[in-house]
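Colleague: Going down the list, the sequences are from chains E and U.
Residues in the first sequence are numbered from 38 upward in steps of one, following this note's numbering.
Residues in the second sequence are numbered from 67 upward in steps of one, following this note's numbering.
Just so you know, these hints were derived from the structure itself, not from any lab.
Fair warning: there could be bad hints in the mix.
[Unchecked claim] Under the rule of at most 25 Å between Cα atoms (straight-line distance), these lysine-lysine pairs were calculated in the DSS-like manner: (1) E/K56 to U/K306; (2) E/K266 to E/K169; (3) E/K150 to E/K63; (4) U/K409 to E/K63; (5) E/K150 to U/K248; (6) E/K150 to E/K184; (7) E/K71 to E/K95; (8) U/K424 to U/K435; (9) U/K409 to U/K435; (10) U/K376 to U/K241; (11) U/K467 to U/K455; (12) U/K204 to U/K306; (13) U/K241 to E/K56; (14) E/K169 to E/K150; (15) U/K424 to E/K150; (16) U/K467 to U/K424; (17) E/K304 to U/K306; (18) U/K248 to U/K201.
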Amino acid sequence: MSILVDENTTVMVQGITGKEGARTTKDMLDYGTKVVCGVTPGKGGQEVEGVPVYNTVKEAVHQHHPDVSVIYVPPSAAKNAAIEAIENGIRLVNVITETVPIHDTAQMLAYAKRHGATIVGPSSAGILCPGKTRIGSVGGEGFTPGKIGIISKSGAMSKETATLFTHAGFGQSTVVTIGGDVLIGSTFADILRLFGQDKDTDAIVLFGEIGGTYEEDAAAFIKQGGFTKPVAAFISGTFASSLPNVSLGHAGAIIEGGKGTRESKIKALKDAGVMIAEVHHELVDLIKGALKK
Amino acid sequence: MQLKEFEGKTVFRHYGLAVPAGAVVKDNADVAQALRTCTIPVMVKAQIYAGRRGKAGGVKRCTTASEAEQAVRQLLGSQLLGESVQEVLVEECLAVEQEHYAAATFDTTTRMPIIILSRQGGMDIEEYQKMHPDKVIKLEVEALDGLREEQARQLAKLAGFTGDETESIVAVLLKLYDTFVKCDCKLAEINPLIRTKDSRLIAGDAKVILDDDATFRRPLQFSPRIGSRTLSERELAANKVNAEDYRGVAGKIYLDLDGDIGILASGGGASVTAMDALISYGGRPANYTEYSGNPTAEKVKKLAQIVLSKPGLAGCWIVGGTANFTRIDITIQGIIDALIEAKPDYPIVVRRAGPGAKEAYAMLHDAAKKHGLDIHVFDEYTSITESAKIMVDLWKAYKTKRTMKEART
């Protein structure tokens, strides 16, 4: 089993005729992903890697009924692309586009919530179930089927993390890259909830970064008993904390109340029983130790 | 990007929020002109990013024109809380009845816009909130609907505003939220929001953080900056490299740091992890920059040229996680081209993996041999952390050798 997607999932690519959209379509097809249609306004009737392209999501959905939409459109078009997908009945939207204006993200998240749809991203690198399917850009060597779930704010570090585990003999059930933006559709806690119900996932690895409260929120979720399998985490950011930073005004302090730093995240996660890797490659030994017990 | 007070007030004024009469002064000679925009007494306020500047002597109340001139002369060009004062704001003194607090920002737990309102505002708002959490009222806003008038009225009521006060505070809240959305802010904060003796509501200060991802559509433009300083030549050049070519990202973020190991990192999360590791082993980066999203060889070359142009480098680290879709051979080609031009004699450590990596390794070995470059190549079987240690060891050895050589000559 896997979470969010599996080998039967059908996929639509929005922005399929763009450079990255087209390349990813090929990569997904090569992996065995069922890419059934694509959308680029004004390019309906074309084909990309044999996948039919439509002008609108409505036409594409009417013809092919895809389960998931993966979004590769430019930042200024991302909000409307996500809304168009949800409007036409797509329940899972994976937004790969980076640098989406935060107010646009807030609106697309509100729209998804109102219609009961799930967004992963923006700035996600995709979702991968090794050996079954890949959505988006995450993939290639280094991943292998198995029972470790990975949730990562960073795309490259999800692969780096998976590669460490593969070399140590641990495959992955599902790898979810949630994106590192201030506002994201699916948080660590949201994905943990799904992994909790997946009997083929034995342990979880989190790759977090400073800023925001998603790591602390995940810690609270685990502490409340929301997730009971072993969890190991690495939080990057020693360097980032030393950078010339902007003050967040009083509002940041009022809302976050001292959260957001590497120290605060590590403390909250430790309090919830999460194992913390001080350097990234220690994650493997932590999970190994936990699974032996 | 954070704005200074006078820039924030430009934003407020643009969207119809009242600010005190006054003008910004960048040169001592301009004080007289600024004084004509408002009545004496005036407030003279140093324009820096840090909070609590008043307690550090950055805000002065002046009752005569010559006092104001003297205050401006004192503040302009001075160092205050670690920043150099480049502008001062000369403003009318308001007859303060009470100081309130109002802000619009995002809450990451609910992932919604939020409005915060407190009847009691001012410098000590954070302490006040800790002691009276029930008096600093937060209201979530539906991003699709915006702030509705009845919601604003309810918020004002919960925060303890009554009678005539309510309508004026509702008007400010609606305009503040409007500013927050239309100007694509991450934060729009008014503290203090001054209620004058004649019952007007005026923004006494402005803290505005703009969303850098929305610069393309913002009607008001401000000069780019990093934290509290303006950009260096290399930083501006790197940003330009990124902006001129839409394919992939290279140089969108470039920071000059004070070490001497040049950094060409790839991937946001991986590059920060790499920097953590380098610093933990005692390495000192000369810069931070990042390329990702499969940029072209030409774009990476331009970024590499900027990194290698820094004087006094004693090492260069080309590092990234295992790339998902950035072509290693294509991006490394750009770096090799820049290395051949610069011909450095210091150690170069490459730790890259991903599509086209094998070809890239061969290209690197070839360039090292042909051009006498000291390149050390590692694949995904050497972790980012381990390669950081290797970089630091080679850098130390190179510096020792260089010092000995200098001592001899």
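Colleague: If a hint holds in the structure, say so; if it doesn't, say that too.
Modeller: Taking the hints in turn, this is what the structure says about them:
Between the alpha carbons of E/K56 and U/K306 the distance comes to roughly 22 Å, so the proposed pair stays at or under 25 Å and holds. Only pairs whose Cα atoms come within 25 Å are accepted, and E/K266 paired with E/K169 is accepted, the gap being roughly 23 Å. For the given pair, E/K150 sits about 31 Å from E/K63 by alpha-carbon distance, which is inconsistent with the 25 Å threshold. About 39 Å separates the Cα atoms of U/K409 and E/K63, which puts this hinted pair outside 25 Å; it is violated.
As the CA atoms of E/K150 and U/K248 are separated by approximately 23 Å, the hinted pair is consistent with the 25 Å bound. Between E/K150 and E/K184 the CA atoms are separated by roughly 30 Å; this puts the pair beyond 25 Å, and the hint is violated. Restraint check for E/K71 and E/K95: the C-alpha separation of about 19 Å stays at or below 25 Å, so the hint holds. For the given pair, U/K424 sits about 17 Å from U/K435 by alpha-carbon distance, which is consistent with the 25 Å threshold.
Distance restraint check for U/K409 and U/K435: the Cα-Cα separation of roughly 12 Å lies within the 25 Å cut-off, and the hinted pair is therefore satisfied. Pair hint U/K376 plus U/K241 does not hold up; C-alpha atoms about 47 Å apart against a cutoff of 25 Å. Simply put, U/K467 and U/K455 have alpha-carbon atoms about 18 Å apart, close enough for the 25 Å limit, and the pair holds. Distance check on the hinted pair: U/K204 and U/K306 sit about 40 Å apart at the alpha-carbon level, beyond 25 Å; violated.
This hinted pair does not check out: U/K241 and E/K56 have alpha carbons roughly 41 Å apart, beyond 25 Å. Between E/K169 and E/K150 the alpha-carbon distance is near 28 Å, which puts this suggested pair outside the 25 Å criterion. With a C-alpha separation of about 45 Å, the suggested pair U/K424 and E/K150 falls outside the 25 Å cut-off, and the hint is violated. A threshold of 25 Å between alpha carbons decides the hint, and for U/K467 with U/K424 the separation of about 32 Å lies outside it, so the pair is violated.
Proximity of E/K304 to U/K306 is assessed by CA-CA distance (about 40 Å); at most 25 Å being required, the pair is judged violated. Annotation: proposed proximity of U/K248 to U/K201 is violated, straight-line Cα distance about 28 Å (limit 25 Å).
Hints 3, 4, 6, 10, 12, 13, 14, 15, 16, 17 and 18 from the earlier list are contradicted by this structure; the remaining hints agree with it.
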